[in-house]
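Peer 1: Taken in sequence, the protein lines are chains L and V.
So that you can map any letter, position 76 of the first sequence is 124 in the working numbering, and since no number is skipped, the others follow by simple counting.
So that you can map any letter, position 15 of the second sequence is 50 in the working numbering, and since no number is skipped, the others follow by simple counting.
Just so you know, not all the hints are guaranteed correct.
Computed spacing ranges between beta-carbons, pair by pair [stated by the list, open to error]:
1. L:Glu130 <-> V:Gly94: 21 to 27 Å
2. V:Arg112 <-> L:Gln66: 47 to 53 Å
3. V:Ser117 <-> L:Thr86: 23 to 29 Å
4. L:Leu131 <-> V:Asp93: 23 to 29 Å
5. L:Thr68 <-> V:Ala103: 41 to 47 Å
6. L:Gly51 <-> V:Asp93: 18 to 24 Å
7. L:Ser134 <-> V:Leu143: 34 to 40 Å
8. V:Pro116 <-> L:Thr101: 18 to 24 Å
9. V:Gly94 <-> L:Gly64: 48 to 54 Å
10. L:Glu100 <-> V:Glu50: 44 to 50 Å
11. V:Tyr106 <-> L:Arg157: 42 to 48 Å
12. L:Ser99 <-> V:Asn57: 33 to 39 Å
13. V:Ser55 <-> L:Ala144: 31 to 37 Å
14. V:Ser87 <-> L:Glu130: 40 to 46 Å
Within a straight-line C-alpha distance of at most 27 Å, the following computed DSS-like cross-link-like pairs (lysine-lysine) qualify [to be verified]:
15. V:Lys91 <-> V:Lys37
16. V:Lys91 <-> V:Lys77
17. V:Lys77 <-> L:Lys61
18. L:Lys105 <-> V:Lys91
19. V:Lys91 <-> V:Lys102
20. L:Lys61 <-> L:Lys105
21. V:Lys37 <-> V:Lys102
22. L:Lys105 <-> V:Lys77
23. V:Lys77 <-> V:Lys37
Beyond 10 Å from chain V on every Cβ pair, some chain L residues (computed) [claimed, not checked]:
24. Leu59
25. Gly90
26. Leu129
27. Thr149
28. Val160
In case anyone wonders, no lab produced these hints; they're calculated from the structure.
Where a beta carbon is used, it is the ideal one built from N, C-alpha and C, also for glycine.
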Amino acid sequence: KAGVTQTPRYLIKTRGQQVTLSCSPISGHRSVSWYQQTPGQGLQFLFEYFSETQRNKGNFPGRFSGRQFSNSRSEMNASTLELGDSALYLCASSYALDRATQYFGPGTRLLVL
Amino acid sequence: QKEVEQNSGPLSVPEGAIASLNCTYSDRGSQSFFWYRQYSGKSPELIMSIYSNGDKEDGRFTAQLNKASQYVSLLIRDSQPSDSATYLCAVNTGSSYKLIFGSGTRLLVRP
Numbered sequence: 049k050a051g052v053t054q055t056p057r058y059l060i061k062t063r064g065q066q067v068t069l070s071c072s073p074i075s076g077h078r079s080v081s082w083y084q085q086t087p088g089q090g091l092q093f094l095f096e097y098f099s100e101t102q103r104n105k106g107n108f109p110g111r112f113s114g115r116q117f118s119n120s121r122s123e124m125n126a127s128t129l130e131l132g133d134s135a136l137y138l139c140a141s142s143y144a145l146d147r148a149t150q151y152f153g154p155g156t157r158l159l160v161l
Numbered sequence: 036q037k038e039v040e041q042n043s044g045p046l047s048v049p050e051g052a053i054a055s056l057n058c059t060y061s062d063r064g065s066q067s068f069f070w071y072r073q074y075s076g077k078s079p080e081l082i083m084s085i086y087s088n089g090d091k092e093d094g095r096f097t098a099q100l101n102k103a104s105q106y107v108s109l110l111i112r113d114s115q116p117s118d119s120a121t122y123l124c125a126v127n128t129g130s131s132y133k134l135i136f137g138s139g140t141r142l143l144v145r146p
């Protein structure tokens with residue numbers, strides 16, 4: 049099976065811009081979670097989607113949003129970017145989150161200038 | 036108190052030794068526990084999952100879970116320089132659809 053894929057892999061934006069990141073889960077996986085990883089904060093949970101519904105959300109401002117499509121692909125959107133949004137954004141998929149293992153994609157490295 | 040705590044390290048062990056990585060968690064309702072390995076600049080990769088008290092072995096890796104003590108550990112036998120990475124402990128409480136990660140322990144295996 050192909051693994052989790054994320055696009056783009058690298059991205060440079062300027063403050064105030066918005067960005068959309070994409071994640072395609074492993075075939076058959078319906079749960080997609082998004083995380084932000086920074087050296088100072090570690091891996092922080094953004095949100096999780098299952099069958100196009102957001103089931104849980106982390107403690108991030110409302111300018112971070114996401115959605116999931118009927119084919120389980122997911123997007124994460126961040127608006128009005130700040131310097132502190134520079135991070136590795138990771139997507140993970142699982143068949144179903146409860147007790148199920150999450151498999152991570154390669155991540156999108158976002159740099160905000 | 037952080038929900039999942041790990042010693043940041045670095046933990047330095049000689050090649051061939053046993054590396055012991057520890058993790059404590061605060062939510063007694065936690066049901067699923069995972070260890071991930073992350074090389075610098077890469078994404079986390081799953082090493083092991085454990086759900087029941089006791090030991091679970093997979094090759095050179097052994098995960099140990101003690102729910103009464105709210106403690107989970109990972110032992111790496113015959114450590115190799117290629118095991119040098121950051122090891123992340125993750126916990127799923129079962130009541131929320133998310134994994135809570137510790138800050139990770141950096142392991143250095145000296146040749």
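Peer 1: Given the range 23 to 29 Å, decide if the beta-carbon distance of leucine 131 (chain L) to aspartate 93 (chain V) lies inside it.
Peer 2: Violated - the Cβ-Cβ distance for leucine 131 (chain L) and aspartate 93 (chain V), about 41 Å, lies outside 23 to 29 Å.
Peer 1: For the pair serine 87 (chain V) and glutamate 130 (chain L), does the Cβ-Cβ distance stay inside 40 to 46 Å?
Peer 2: Holds, since serine 87 (chain V) and glutamate 130 (chain L) (Cβ atoms, about 43 Å apart) stay within the stated range.
Peer 1: Go ahead and decide if the range 18 to 24 Å is satisfied by the Cβ distance of glycine 51 (chain L) to aspartate 93 (chain V).
Peer 2: holds (20 Å)
Peer 1: Does the claim that leucine 59 (chain L) lies off the interface hold, with its Cβ farther than 10 Å from every Cβ of chain V?
Peer 2: Fine: 16 Å to the nearest Cβ keeps leucine 59 (chain L) off the interface.
Peer 1: When you check the alpha-carbon spacing of lysine 91 (chain V) and lysine 77 (chain V), does it fall within 27 Å?
Peer 2: Distance ~26 Å between lysine 91 (chain V) and lysine 77 (chain V) Cα, so the pair holds.
Peer 1: Range hint 42 to 48 Å: satisfied by the CB atoms of tyrosine 106 (chain V) and arginine 157 (chain L)?
Peer 2: violated (34 Å)
Peer 1: Beyond 10 Å on every Cβ pair: is that true for leucine 129 (chain L) relative to chain V?
Peer 2: holds (22 Å)
Peer 1: Cβ-Cβ distance between proline 116 (chain V) and threonine 101 (chain L): within 18 to 24 Å?
Peer 2: Violated, since proline 116 (chain V) and threonine 101 (chain L) (Cβ atoms, about 45 Å apart) do not stay within the stated range.
Peer 1: Any Cβ of chain V at or closer than 10 Å to valine 160 (chain L), or is the non-interface label fine?
Peer 2: Since the minimum Cβ distance to chain V is about 19 Å, valine 160 (chain L) lies beyond 10 Å and the statement holds.
Peer 1: Please work out if lysine 91 (chain V) and lysine 37 (chain V) have their alpha carbons no farther apart than 27 Å.
Peer 2: holds (26 Å)
Peer 1: Can the suggested window of 41 to 47 Å be confirmed for the beta-carbon pair threonine 68 (chain L) and alanine 103 (chain V)?
Peer 2: Holds - the Cβ-Cβ distance for threonine 68 (chain L) and alanine 103 (chain V), about 45 Å, lies within 41 to 47 Å.
Peer 1: Could you say whether the range 31 to 37 Å given as a hint is met by the Cβ separation of serine 55 (chain V) and alanine 144 (chain L)?
Peer 2: Roughly 32 Å apart at Cβ, these two residues keep to the hinted range, so it holds.
Checked against the numbered hints listed earlier, the structure breaks hints 1, 4, 7, 8, 11, 18, 25, 27; every other hint is satisfied.
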